[in-house]
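Protein chains: 2
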Amino acid sequence: MQRRQLSDNITQYTIGKPLDTGAIILRSDQSADDCDRIPHFSADSDDDNNLRLSKALTDDEAIYGLGEMLGGLNKRGRKYRCYNNDDPNHTPEKQNLYGSHPFMIFDADETFGLFIDYPGEIVIDAGFDRRDTCTIELTKDVHNEVNTNIYIIEGKNKSEIIHNFLTLVGSPFMPPKWAFGYQQSRWSYPTADAVRDICRKFREYDIPCDAVYLDLDYMDDYKVFTTSHERFGDFAAFAKELLADGFHLVPIIDPGVKVEDGYAVYEEGKANNYFCKEYDYEDKKSSGDDFIAAVWPGRTAMPDFMNAQVRQWWADLYKQFCEIGVNSFWNDMNEPALFFTKRGLEDLYTTYDEVRSRTNPGLDFFDLKDKATGLSNNREDYKRFCHDCDGQTVCHDDVHNLYGFNMVRASADGLKRHSHGNRYFLLSRSSYIGSHRYGAVWTGDNQSWWEHIIVHIKMIQSMNMCGFFFVGPDIPGFGCDADAELLVRWLQVGIFTPFLRNHAALFTRSQEPWAFDDEITGIARNAIRFRYAMMPYIYSEYHNCVKFAKPFITPLSFAFSDHRCKSIEDQFMFGHSVMAAPVHSQNARGRSVTLPDCKWLAWRATDYTSREMEVFAPGTYFFDCRLDQFLLFIKEDSLFVMTSPGQNTQTRTDELTVIGLVTHSAEFTCYDDDGTTYQYEHGKYCTLRMKVTAEGSDYSVTCKYNAHDGYKNRIKRINFEIYNGKGELVRKSIKMSGDTPEAPVRR
Amino acid sequence: MQRRQLSDNITQYTIGKPLDTGAIILRSDQSADDCDRIPHFSADSDDDNNLRLSKALTDDEAIYGLGEMLGGLNKRGRKYRCYNNDDPNHTPEKQNLYGSHPFMIFDADETFGLFIDYPGEIVIDAGFDRRDTCTIELTKDVHNEVNTNIYIIEGKNKSEIIHNFLTLVGSPFMPPKWAFGYQQSRWSYPTADAVRDICRKFREYDIPCDAVYLDLDYMDDYKVFTTSHERFGDFAAFAKELLADGFHLVPIIDPGVKVEDGYAVYEEGKANNYFCKEYDYEDKKSSGDDFIAAVWPGRTAMPDFMNAQVRQWWADLYKQFCEIGVNSFWNDMNEPALFFTKRGLEDLYTTYDEVRSRTNPGLDFFDLKDKATGLSNNREDYKRFCHDCDGQTVCHDDVHNLYGFNMVRASADGLKRHSHGNRYFLLSRSSYIGSHRYGAVWTGDNQSWWEHIIVHIKMIQSMNMCGFFFVGPDIPGFGCDADAELLVRWLQVGIFTPFLRNHAALFTRSQEPWAFDDEITGIARNAIRFRYAMMPYIYSEYHNCVKFAKPFITPLSFAFSDHRCKSIEDQFMFGHSVMAAPVHSQNARGRSVTLPDCKWLAWRATDYTSREMEVFAPGTYFFDCRLDQFLLFIKEDSLFVMTSPGQNTQTRTDELTVIGLVTHSAEFTCYDDDGTTYQYEHGKYCTLRMKVTAEGSDYSVTCKYNAHDGYKNRIKRINFEIYNGKGELVRKSIKMSGDTPEAPVRR
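Going down the list, the protein sequences come from chains A and B.
Residues 1 to 747, numbered by the working numbering, are exactly what the first sequence covers, in order.
Residues 748 to 1494, numbered by the working numbering, are exactly what the second sequence covers, in order.
Hint data in this document are derived by calculation from the structure and do not stem from the laboratory.
It is possible that some hints are incorrect.
What the hints assert, rightly or not - Simulated restraints on C-beta separations:
| no. | chain 1 | residue 1 | chain 2 | residue 2 | range |
| --- | --- | --- | --- | --- | --- |
| 1 | B | E840 | A | G646 | 52 to 62 Å |
| 2 | B | T805 | A | K547 | 34 to 44 Å |
| 3 | B | E840 | A | R356 | 29 to 39 Å |
As the list claims (entries may be wrong) - Interface residues of chain B toward chain A, partial, derived using beta-carbon atoms under 7 Å:
| no. | residue |
| --- | --- |
| 4 | S778 |
| 5 | N832 |
| 6 | P835 |
| 7 | P839 |
| 8 | F972 |
| 9 | T973 |
| 10 | R1105 |
| 11 | G1168 |
| 12 | E1198 |
| 13 | T1341 |
| 14 | E1361 |
| 15 | A1364 |
| 16 | P1365 |
| 17 | G1430 |
| 18 | Y1432 |
| 19 | H1455 |
No residue lacks a Cβ here, since even glycine has one placed at the ideal position from N, Cα and C.
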């Protein structure tokens, strides 16, 4: 084993000759030295030659991280598996979902981070088998070896460890501003007219929206990079029309390429050997034949994204879309999901024939059932194909967790290259540490279950720790039928998650904001408008989080010292000023909320103009909360900035409202840029720094506007609604004369 | 439609000529009159001739009841289906489980109860399709008719409505006292020695226990009413040995009878036409052949429990067990669960052949998968057999929900008849309103999911409303592997549910109290001992609940006026003095608790001798709660009675401890009887009535012992630990001179 110090806080331990996964961006020219152990862990090999790391756990030790996993925020007491998996049935015992994020924080007297940069299977027992022991097992590769980089990340507390980890793997990509808006999807809006109808309804119901998604059916026969002329006519004209109307189209792109003679993408891929090849796991050899699986299009070839040339090819396939103004996409099915392979099916038929040949089949019928249900996303199939990793033949199973990542990497490269300097938007189902630099992820095929609200509240906190700031669940659940109240309550959480999309599965009930009744439509409208009203706060905070490599969504236990926070996983910080505490139980008309460490300004909101606010001391309270209300809490001595919502994120207003509870002083810096290009990287942005200082029961305000590179201030008035230490509201207002603030006046 | 007034509060509406389901016990000689509507509802037939009842729902109207259903305590906003179903995967969208309990309370300005005594399918939309409407649809029978009795139950509040409903359908059966003890099960302890080992471990670890269960493997080849000589040797001797050691054996009995020549039960059933017959749904005729399905024993015949003669036969089959002292059983698989039928399997093969014949199977593979998974408990199979309802041929599908009920009825009759005056214990998976009079139920094949703790907390509250007081879930979950903490937290709830059983599925991790580590064993021991320490309270309260037809487990919103109680479904009343507020989240070390209406004595308990107690005013608080702690709250002006636990419920102590917070006065009547016979029905029991009256910061105590029929008081000392209005503890003690209490003395 070799050790290399990458920075003051990060040490790399290298076992064998690991493949470069692309996860890390921090390089060091420090030379490596030999070492025989990884701090905190004992390492050995189990009987199968898998590498096993073990660590004793103290009684109160918490374990955080692991990104897209089920279970609590504190991962202690369960087993997890890093092996990307298309499993739409997120029942609590499931060990793996679509992404693998093997970064963890061990939080005890000694607190540190661990990142295992291993693209094969990792099984983490976080105190399940034995409460006092964490074991992490890296499954050996086809050559009976485990080659990996392991990183120990130090820091003076959990937040700093995450920050240091993000210097290792990079901050997330910066989406265009519209991506912070509300996005509407379903499987499927199958025709251009269906999409137009959806767009028209948003205007009709006066509900802001920035994007509409195109699921599978926009394609011609599920062939990627085609569009159905029958259902969408002139797709370029259609896309242009939508964009002109203020809606971004987000089409789906799956990895699988339909095997069909004459289909250009397939022909190109086949001719250039761009597809994954069949592999014999025993012989460790490829036959050289393309690996074919059944996915949506039927017989399908899988692009070999592990190969740089293939990624280059794939990237350029997006060009045709970018040229017509469509540079926002979602990559689905990229674990990759495989319905079945020929060999899998043959295996099933054998079992069938066996059972059928018996005159009196009994319990063996269960074998048959298990075989049928186990045919999809079968581990054996993942051992049956391989990659050409730039010259080296690598069994897919050994790098399984990188497939979606590299599809995303290829897609992002193409979208960036062909977007003429505009920011792209990219969403992926599968991911690995590092893919956050290229795109966003959603939490996959969840269900319209009330239980899934809280599951995803926890998950997005964990994903933020792993660099996936721009993340959210399908609201109000993908599978199953939603009820009206679920839409409302989930939306009222969703406005506090960075990625806000409503999406539903085929055959499920409609769940657009107007799909239920007028009252529900009104409540949904108010929630979504509130989201848009928060845009100055969200965009500023998010920009800073990306810039300074700090998560946007933070657990209470990371931000506050109150010991009770360790037991509260259904409240979270949304940026640095606001805590969300959503009602997530059906028929509940209130909930208990714990306000840690300081005073809080509680806001029981119905819409962005409502002002049911009250100051609370630290403590636990039961807050009533009708269906049309939601709770947010502004932290003492911090500021929250709002504006008036429009029909989408393009609406620009000239007035800001600043809300806070200030007992000493509070600052906030509004950030803005063009929202669409990368010019902000070159200094083209503006900031508006506001400071409120308490002065007895009154306060003073200073504002400083800083424009760069020709920005002109749009803001004409800033309204301050500040509560003082006595809980009294004092309103003030500042007029801006161009870039210069005038003296504040009481309103 | 005909109307008949059954009592002041209960009106019966009869449509057509309904079959007597056996659900109700209240008869009236009042004559019926014609009527054209059921109050509160509009009735019509849908296109399929199903009967549909509709009711407008007001905004804040809550709907309670429905017994064994998923979802919240307030059933509003979901769909439910009364059609008994063996589905082990209790995911939130499931509409039906093992039992059907079509009793509901509509709670708005006007509050009333509704019982639909219909044994076929009922689909209840409690405001799911439209938030403002509840529809209840009764599926027509094979003759295209709906014949049913419907009851409207009045009362001045929810509790009184339940009480009145219970006068209609009867109070639950009274189990022997040992059934309130801890019970240990798993699928399976497969040999006599394995059972002996389990029993020995309870003694070794000093953990109280009253019963050990025998799952499938005690039988000879899954043949009901046989025992495996190979694995259990002389079963009579074995049962006697266990009983002598203080453990009750609870063997499983399924309904299905293995088709095997020479097997007495099968031969008798066949010879006497005791089995269900094949049925042609189209022709509405039976072929007269026995209906054969595949269940555990392979080819299986289903006893026709709808027939009185068959029930009589089945009842007597228990005699052989009763004669060797075994009169406690569980009836499983009695929905009835069917793995498949020959016709179902043929149907699957047809689909297979079709898919296989295609050269390029694609998405049609999903048909094949769905077919395989849908083979078990298939609705079509339930239409393929029929009953001889004492002369009348009835399609099984039309009376599906009565099958488990009538199996239980037969079993209970047999057990009562052959138990020589002793109380029997009977547990069933399937149930219908009315079967609570014959036995207990458990909540079926749940999972070791943290989410299932709260699901079952809600479910047992709803089941108590329907008469099923003696109910509980498999702790800590049947399917999946449990973690140590789940065992602890679920046990800490389980001690506050009437039926307390630890049970696990085949192939899952061991989860007996000692299966994890020493600390966990200690915590589990303390929790279980606490349960045994509560036995005087539990047995007294439970007896009164049965006697006076009032649920043992009650929702907060039924017991208190505080409006917040409507939003709190994870706290509940356990008897009349104690509120449980369990920690049900993994890794949580505390929780928020709302204390409604009055002051409460909060007890953060580690074991029954611990005394971390404090008085709280009404409000919401966060209570810290370590893993070894659990929270209970004793209501102001009520009393809680404890004793010292022994190795099982047979332990008799001579000292009681009475705990309370008394600001005015509080009473409690301890009830006791022999715990094993029905002599209490004939007056053979004793009561000890205690009254504590506040007198300034002190209090006075009166005790009155009432023995009947030769009972002698066992109690020699009663220790009072009473907190006064100032939160000060004042200890007093009373010595009993025989049946006469001496003056209390301060300790």
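> Can we keep the R1105 (chain B) interface hint, with Cβ of chain A closer than 7 Å?
Replying inline: violated, 10 Å
>> A closest beta-carbon separation below 7 Å is what the hint needs, so does F972 (chain B) meet it against chain A?
In response: violated, 20 Å
> Does the CB of P835 (chain B) sit less than 7 Å away from some CB of chain A?
Replying inline: violated, 12 Å
> T805 (chain B) and K547 (chain A), beta-carbon distance inside 34 to 44 Å?
Replying inline: Between T805 (chain B) and K547 (chain A), where Cβ atoms are some 52 Å apart, the hint is violated.
> Given P839 (chain B) as an interface hint, is the shortest Cβ-Cβ distance to chain A below 7 Å?
Replying inline: Holds. Min distance 4 Å.
> Going by Cβ atoms only, is P1365 (chain B) closer than 7 Å to chain A?
Replying inline: violated, 11 Å
> Once the shortest beta carbon distance from G1168 (chain B) to chain A is found, is it less than 7 Å?
Replying inline: Violated. Min distance 41 Å.
>> Tell me if the interface restraint on N832 (chain B) is satisfied: Cβ within less than 7 Å of some Cβ in chain A.
In response: Violated - the Cβ of N832 (chain B) stays beyond 7 Å from chain A, reaching only about 17 Å at its closest.
> Does the CB of T1341 (chain B) sit less than 7 Å away from some CB of chain A?
Replying inline: It holds, given that the least Cβ distance between T1341 (chain B) and chain A is near 6 Å, below 7 Å.
>> Hint A1364 (chain B) vs chain A: min CB-CB distance below 7 Å?
In response: Check failed: Cβ of A1364 (chain B) comes no nearer than 14 Å to chain A, outside 7 Å.
> Would the hint on H1455 (chain B) stand, with a C-beta cut-off of 7 Å toward chain A?
Replying inline: violated, 47 Å
>> Does G1430 (chain B) hold up as a contact with chain A if the rule is Cβ-Cβ below 7 Å?
In response: violated, 46 Å
When each numbered hint is compared with the structure, violations occur for hints 1, 2, 4, 5, 6, 8, 9, 10, 11, 14, 15, 16, 17, 18 and 19.
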